[in-house]
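**Student:** Given next are the chains, with one letter for each unit.
There are 4 protein chains.
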Amino acid sequence: MAPSKQDVKISIAVAGLGRMGKRHVRTLLNRVSEAQVVAVCSTEQSELEWARNEYKDWGIQVYDSYDQMIQHSGLQAVWVSTSTDVHASQTIAAIEKGLNVLCEKPLSTDMEEAKRVVEIANKNTHLKVMAGFSRRFDASYRNAKAQITEDAIGEPFVIRSQTCDLIDNTGFFVRYAAKNGGMFVDCCIHDIDLSLYYFGDVIPKAVWAVGTIAHHPELKDLNDVDNGVGVVEYWGGKIAYFYCSRTQAHGHDVCTEVVGTKGKIMVNLVPRLDNVTVAQKIGVSHKVQPEYWERFEDAFATEANEFIASIVNNTPVPLKLELGLMSLKIGWALQEALLTGERIRFNEKGEQLDGGSARL
Amino acid sequence: MAPSKQDVKISIAVAGLGRMGKRHVRTLLNRVSEAQVVAVCSTEQSELEWARNEYKDWGIQVYDSYDQMIQHSGLQAVWVSTSTDVHASQTIAAIEKGLNVLCEKPLSTDMEEAKRVVEIANKNTHLKVMAGFSRRFDASYRNAKAQITEDAIGEPFVIRSQTCDLIDNTGFFVRYAAKNGGMFVDCCIHDIDLSLYYFGDVIPKAVWAVGTIAHHPELKDLNDVDNGVGVVEYWGGKIAYFYCSRTQAHGHDVCTEVVGTKGKIMVNLVPRLDNVTVAQKIGVSHKVQPEYWERFEDAFATEANEFIASIVNNTPVPLKLELGLMSLKIGWALQEALLTGERIRFNEKGEQLDGGSARL
Amino acid sequence: MAPSKQDVKISIAVAGLGRMGKRHVRTLLNRVSEAQVVAVCSTEQSELEWARNEYKDWGIQVYDSYDQMIQHSGLQAVWVSTSTDVHASQTIAAIEKGLNVLCEKPLSTDMEEAKRVVEIANKNTHLKVMAGFSRRFDASYRNAKAQITEDAIGEPFVIRSQTCDLIDNTGFFVRYAAKNGGMFVDCCIHDIDLSLYYFGDVIPKAVWAVGTIAHHPELKDLNDVDNGVGVVEYWGGKIAYFYCSRTQAHGHDVCTEVVGTKGKIMVNLVPRLDNVTVAQKIGVSHKVQPEYWERFEDAFATEANEFIASIVNNTPVPLKLELGLMSLKIGWALQEALLTGERIRFNEKGEQLDGGSARL
Amino acid sequence: MAPSKQDVKISIAVAGLGRMGKRHVRTLLNRVSEAQVVAVCSTEQSELEWARNEYKDWGIQVYDSYDQMIQHSGLQAVWVSTSTDVHASQTIAAIEKGLNVLCEKPLSTDMEEAKRVVEIANKNTHLKVMAGFSRRFDASYRNAKAQITEDAIGEPFVIRSQTCDLIDNTGFFVRYAAKNGGMFVDCCIHDIDLSLYYFGDVIPKAVWAVGTIAHHPELKDLNDVDNGVGVVEYWGGKIAYFYCSRTQAHGHDVCTEVVGTKGKIMVNLVPRLDNVTVAQKIGVSHKVQPEYWERFEDAFATEANEFIASIVNNTPVPLKLELGLMSLKIGWALQEALLTGERIRFNEKGEQLDGGSARL
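From first to last, the protein sequence lines stand for chains A, B, C and D. If you're matching positions, the first sequence starts at 1 in full-length UniProt numbering and goes up one per residue. If you're matching positions, the second sequence starts at 1 in full-length UniProt numbering and goes up one per residue. If you're matching positions, the third sequence starts at 1 in full-length UniProt numbering and goes up one per residue. If you're matching positions, the fourth sequence starts at 1 in full-length UniProt numbering and goes up one per residue.
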């Protein structure tokens, strides 16, 4: 007799035990009934100690080596939640071990490396390999997509999107920034991806970006900023413009507007923590989510469930791995525009015409 | 060696497979990692057939008898989600079988019977018995409570609360109404409970209620209404007033305001489905949750998790069973005021001074 | 040759120079181009001194006697903005002098006296006599009325309305309360009037009210409260319920909801001063209008303009004087219910069946 | 004896009787008690006929020649509300006649001409000459400014502002566009001005712009677009970015956000006509102002009153005429960037380093 579906569990390991890695373990334990966490790994001593203590009664093996972890007996999938600089190599290693992989975006800070991951994944179609663009799993962004598909706003032609984080005074962000590829590659990439989500297949024609450092002077040496504005003109008369910030006072403030020929859809224009509003002498107020976790916790659970379901049912992953490549190309061009002050143009095939020496 | 915590599962059965029963099964399967659904029961042939088909690969035994179900081998807990008229007897039967019980509110449409359930539960303190007031598990209502406790609005003295449902043209509601005790016992009881939640220990002094039938003429024969307004004056200068409706055009519209000496807290004044807003020729609009399920799905998951955790950890249930008694008393008085047109008074001990012949 | 329309000015006097009287003068000077303020009066020495100084260059005669003021040469109209206890006698005196009158609501705290004013006005149809229910001139309330008339929400059957004022710690309110007839006659009368506005011709069937004193213990001796909740059942299955407060922490919070068979219209559910919202560490907030003046300044200007225009063009006044009588009757019944704790019933002609000894 | 202040009236004429000219006449008649409209002019036959009929009882002389109108006996001031191409010459002519002038923005589509107006005005300091930037008179924008001045958000460093108009299918907009200097000079100039209002004295460092034609193909021949996005980097690490549109489906949608080191101020993020919200089967909705008039009617009245008061009291005009020059320079650079696809840089003195051949 087949086992009860309540007993079917994909064995998964989580690589990286930073803030997000820990949350992914919790999501898998509490909200993904078809998964079982069998292993985690980290290279940070403090994280390893924490994990050995925390997970000792949970049947989770703690590794200090990714390579050893992926040899864990019976392992079927890995959630790569390490720093961006090792995303690609770890994803490739897992694929080569025959494991399914959910890799945090972006696949790489290097365009060529990212392409290599996609190629290898495409040669292993029996495995589910997906890059995590969490917003595509958010109920509101999906509702917006559904309404656009149903012609609620006509043909979309302008998109505004912002990713604004609460200011971080712990030093975490600056340490993190050193490895993430810069504002437009690490942070704005979500907004770029949303512009592709809502516009469909579009090719960049020109981009420009400016930025400023409002709070973190250390970023200067990293060639980065903590606030940036970027504009992408796509071929065909479509425009996307973005604002990214690491220094908001009030919390995590992510919103998107899609303007079409017959209307406009807005997602989360004024952020709020929950349904509570308070009226006091000082006025009427509500709280804001402190972090993207509070805003997108459900989206991460949906992402994990849909990824695991694609393994259980052997169906396509909900997001094509290739999706990340175009976002990355545009992110890099914006980052280059930011650094050089020049606008960067592309031809109608999407080939970059200006600059590009730095990276590609 | 102790089993991994990932393997610890409380065996639970769900009684009743109506709309809510089915949802509770799903919640338990997907969002309560410490529970395992081992059985369900119903007396409806169509529900039984549906369940046998739906759950056949899930290791869930389908019973057509509650009494047989609670004898299921290894069963530890029951979620009573049947119609109100059997809540009490099923809860008592489960307690007598040595099972933990999560019973949908209200415990009974009969005050004395409800008291009996509480008495029996209090004699079986090794078992976890709880009545489900789902709003007490909602993040927003809890945030409001926390802020009130932290003195954000001073001393609360007026509460407005409403429970307004989307109009139901399927006939379901009227059939359901026949067994539920009436508008103020079945529906308003959530709002009454919230007034006790935020006011703390208060005793009713007088109540009055009026109602109207806007859409469901069949309710006249059931001595009920589909829209009602009730006011409760509590001893000590506190006032709660309520609006309940079964006939809203736009969706599920549940909101609460707590007025204090230094401010006011509002929960969900303008209902919205998600973070999406659309601007079109006709104006700016957003969707509303169609049902309390969409509004309170997370609260039900929290409720289930906290109930199960109280069994696993042998800690007190999050809500005292006695809580439901005062709400029920006030609900009945409002219902009596509605039917008689009289105001109903109570003395300072909470003993009803007017009317009361009908039920108590 | 006829004078230019820019030179046509109705000569008007303002009786009473309290907060509202002063504002009415300002409204007339700045926003009513067809009016010219020729006189004001007060019995308060401080107000007289203030006015003599303030208005000395404005061609406005300051009187210490209402009777003398209405004999001012060329005077055509009076705006009665004194305390409620002299509204009726001053209105009658002005009518007898052949003057048009705009009288602040309510016409009187005494039902019989109010009726007398209406009778006298009806015998002088060449004069424009109107009681000021400012909300009926507010753009939002009018928009709501227009949408209801266009069937946006079907047949209205439940109305919720509240008039909540900012707490006043100056002692002004308590002094004022002594002459105003009580919470439901002075304050709730606006909400009662709105229920008549949106329901149309309805007759009360039963009312009940409760109240509490949250901040002003002196009100006990005045048989009044500073927070009250009242319910009115109208014949024909319509219900209105009200909340009035003098003790809000956050400002002037006036809102109204009209529930119909096909939808609900909300006016000003969450009050805000203007279009500004601020996001700070503590959350997202906006300011609230401190007083009804900031909320209804435009409505007062519209009211004054429409009243003056009815004189210039000899057209009917925008609001029938009789309107105030039914509101007053309901207000008194609610006040009586508040004091006695009894519900007050009416027959289908609107004749009061219970109580009534106190006043009528 | 001095005349009563109620009789003091500045004699003013309105040049241009298009949509705005008519509205200005109405504003002056109804909301500016210190002004008297003595003359109007137009070169459109239909407007002249309309005015002669409409104003015949109002003591307003109707001219078909601006030059004759400014010779009207006793005239003290002119409100220039003609098309942009004659703003400068008419303003100069009025100054030379010794008249005070309120001129609609922008002073000119030509930088040099605009400078000439400023020079001439500065040589006639006994006259009040002002360019109308209506948003600076809006209560919300002023409240935002006041809060920023009081340090509510720390140091502002990013501004987002948009001016989005309802789509116009009458052909009016395209005819109008032919004379207005283009999207960034005519429409975005308000947003540019707001960035200067909130940032204070800032110098542009670089700008870029892109645009698209969504509805009005005729604009191609005018070298213009109907939707445009522009970014301005100011020296000192400040950034402003703008979106202008002539093709919104839902109405007039003008909003502004100012991000500072300690918070963010938002003005009008979600536009709404009034305080009315409707809940219906399709969801919860509210209407939007159709035009800037409904949004800024009060601001125009304030502008007119403050301008007239500066004449009556011989005080400085509320806005310095020079203000418009910098906005115009930036607007032109954005327009050039739009047409050429190049980013335009400025040195630290604000001198344009790239392009500029077209106009300057």
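Honestly, the hints are just simulated from the structure, not real lab data. The beta carbon of each residue, even a glycine, is placed where N, CA and C say it ideally should be. One should not assume that every hint holds.
[As the list claims (entries may be wrong)] Over 12 Å on every C-beta distance to chain C, these chain D residues come out as not near it, computed from the model:
| no. | residue |
| --- | --- |
| 1 | ILE95 |
| 2 | VAL118 |
| 3 | THR315 |
| 4 | LEU323 |
[Said to hold, decoys possible] Below, simulated PhoX-like cross-link-like pairs (lysine-lysine); rule was C-alpha separation at most 25 Å, straight line:
| no. | chain 1 | residue 1 | chain 2 | residue 2 |
| --- | --- | --- | --- | --- |
| 5 | D | LYS97 | C | LYS9 |
| 6 | C | LYS287 | D | LYS287 |
| 7 | D | LYS320 | D | LYS9 |
| 8 | A | LYS5 | B | LYS5 |
| 9 | C | LYS145 | B | LYS281 |
| 10 | B | LYS145 | C | LYS105 |
| 11 | D | LYS97 | D | LYS115 |
| 12 | D | LYS115 | D | LYS105 |
| 13 | A | LYS97 | A | LYS287 |
| 14 | D | LYS262 | C | LYS281 |
| 15 | C | LYS9 | D | LYS9 |
| 16 | B | LYS287 | D | LYS287 |
| 17 | A | LYS5 | B | LYS22 |
| 18 | C | LYS287 | A | LYS287 |
| 19 | B | LYS9 | B | LYS97 |
| 20 | D | LYS9 | B | LYS287 |
| 21 | A | LYS287 | D | LYS115 |
| 22 | B | LYS262 | A | LYS281 |
| 23 | C | LYS105 | C | LYS320 |
| 24 | D | LYS262 | D | LYS145 |
**Student:** So is THR315 of chain D really clear of chain C, every C-beta pair being over 12 Å apart?
**Tutor:** holds (18 Å)
**Student:** Are LYS115 of chain D and LYS105 of chain D close enough, with their CA atoms no more than 25 Å apart?
**Tutor:** Distance ~13 Å between LYS115 of chain D and LYS105 of chain D Cα, so the pair holds.
**Student:** If you draw a straight line from the CA of LYS97 of chain D to the CA of LYS115 of chain D, is it 25 Å or shorter?
**Tutor:** holds (19 Å)
**Student:** Is ILE95 of chain D truly not at the interface, in the sense that its beta carbon sits beyond 12 Å from all beta carbons of chain C?
**Tutor:** holds (26 Å)
**Student:** Holds or violated: LYS105 of chain C and LYS320 of chain C, Cα atoms, limit 25 Å.
**Tutor:** Holds, at roughly 12 Å.
**Student:** Given the hint that LYS287 of chain C pairs with LYS287 of chain D, test it: the Cα-Cα distance must not exceed 25 Å.
**Tutor:** Holds: LYS287 of chain C and LYS287 of chain D sit about 22 Å apart, inside 25 Å.
**Student:** Hey, LYS320 of chain D versus LYS9 of chain D, does the alpha-carbon distance stay inside 25 Å?
**Tutor:** holds (24 Å)
**Student:** Holds or violated: are the alpha carbons of LYS97 of chain D and LYS9 of chain C at most 25 Å from each other?
**Tutor:** violated (32 Å)
**Student:** Tell me if the straight-line CA distance from LYS262 of chain D to LYS145 of chain D falls inside 25 Å.
**Tutor:** Holds. LYS262 of chain D to LYS145 of chain D sits at ~15 Å (cutoff 25 Å).
**Student:** Sort out whether LYS287 of chain A lies within 25 Å of LYS97 of chain A, counting only the CA atoms.
**Tutor:** Given that 25 Å is the threshold and the Cα spacing comes to 46 Å, the pair is violated.
**Student:** Mind checking the alpha carbons of LYS9 of chain D and LYS287 of chain B for me, to see if they're no more than 25 Å apart?
**Tutor:** violated (53 Å)
**Student:** For the pair supplied as a hint, LYS287 of chain C and LYS287 of chain A, confirm whether the alpha-carbon distance does not exceed 25 Å.
**Tutor:** It holds: about 15 Å lies between the C-alpha atoms, which stays within 25 Å.
The earlier numbered hints that this structure contradicts are 5, 10, 13, 20, 21.
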